[in-house]
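Undergrad: Sequence:
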Amino acid sequence: MLFYDEFLKKLDEEKFQIDEIEKFSPEIKKVVVGLGVSLPLIIIAMAQLYMAKVDGNMVRVAFAIAFIFMGVKQLKTTFSYKIQIDTKNKKMKFMNVDIDLMRVESCTLKEGRVGKKLEAVLDIITFDKQQYIIPLYMNKKLKFVWIMREILKGVFIIKK
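Residue numbers (the working numbering): 321 to 480.
Read the hints as simulated data drawn from the structure, not as lab findings. Each residue gets a CB set at the ideal place from its N, CA and C atoms; glycine is no exception. There may be inaccurate statements among the hints.
Lysine-lysine pairs mimicking DSSO-like chemistry, simulated, CA-CA at most 30 angstroms apart [unchecked claim]:
(1) LYS473 to LYS413
(2) LYS479 to LYS460
(3) LYS410 to LYS373
(4) LYS413 to LYS437
(5) LYS480 to LYS330
(6) LYS411 to LYS330
(7) LYS411 to LYS329
(8) LYS350 to LYS410
(9) LYS335 to LYS479
(10) LYS460 to LYS373
(11) LYS411 to LYS373
(12) LYS463 to LYS373
(13) LYS449 to LYS349
Beta-carbon label-pair distances, calculated as ranges [to be verified]:
(14) ASP448 to MET378: 21 to 31 angstroms
(15) ASN409 to LEU462: 30 to 40 angstroms
(16) GLU431 to LYS473: 18 to 28 angstroms
(17) THR428 to ILE363: 39 to 49 angstroms
(18) ASP418 to VAL374: 45 to 55 angstroms
(19) ARG423 to ILE363: 38 to 48 angstroms
(20) ALA382 to LYS408: 48 to 58 angstroms
(21) LYS408 to LEU359: 18 to 28 angstroms
(22) SER426 to ASP406: 12 to 22 angstroms
(23) LYS373 to ILE338: 15 to 25 angstroms
(24) LEU359 to ASP448: 15 to 25 angstroms
(25) ASN459 to ASP420: 40 to 50 angstroms
Using the sequences plus the hints, can you model the full thing?
TA: Have a look at this one:
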């Protein structure tokens with residue numbers, strides 16, 4: 321990702337065409353990392369199942385089940401990161417959560433710690449006092465933040 325200051329500078333300079341429905345998916349780097357973790361886990365699980373069949377060891381079956389579970393969960397996490405913004409009705413669907421953008425009390429763009437790295441995140445707080453922290457892992461992140469800023473003009477805050 322761009323450094324945060326450069327990201328903010330580009331955000332002020334750019335203008336985008338807004339469609340009625342905007343869709344954002346994870347950037348290719350995150351998909352490759354997700355696949356690089358999940359596929360080896362599933363392959364190891366299959367090898368454990370084969371070796372369990374050959375030597376009859378039930379411990380290998382338990383490891384295989386655990387590895388399959390972790391691999392499938394990682395695949396699901398990788399491919400479930402989708403954001404869809406309905407700019408006409410001002411609604412956002414983030415993974416399995418629907419957020420009514422008309423009921424947002426504050427939306428803050430800031431650098432936040434995601435895992436071990438500092439990433440740009442959107443911190444959305446609704447009038448219901450629900451907080452959604454959206455890490456900007458998607459492609460077209462500049463367009464996403466620009467659209468959110470345009471929709472949430474009065475409550476959008478940029479923390480430097």
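Undergrad: Against the structure shown, which of the earlier numbered hints fail to hold, in ascending order?
TA: Violated hints: 3, 10, 11, 12, 13, 14, 15, 21, 23, 24, 25; rest satisfied.
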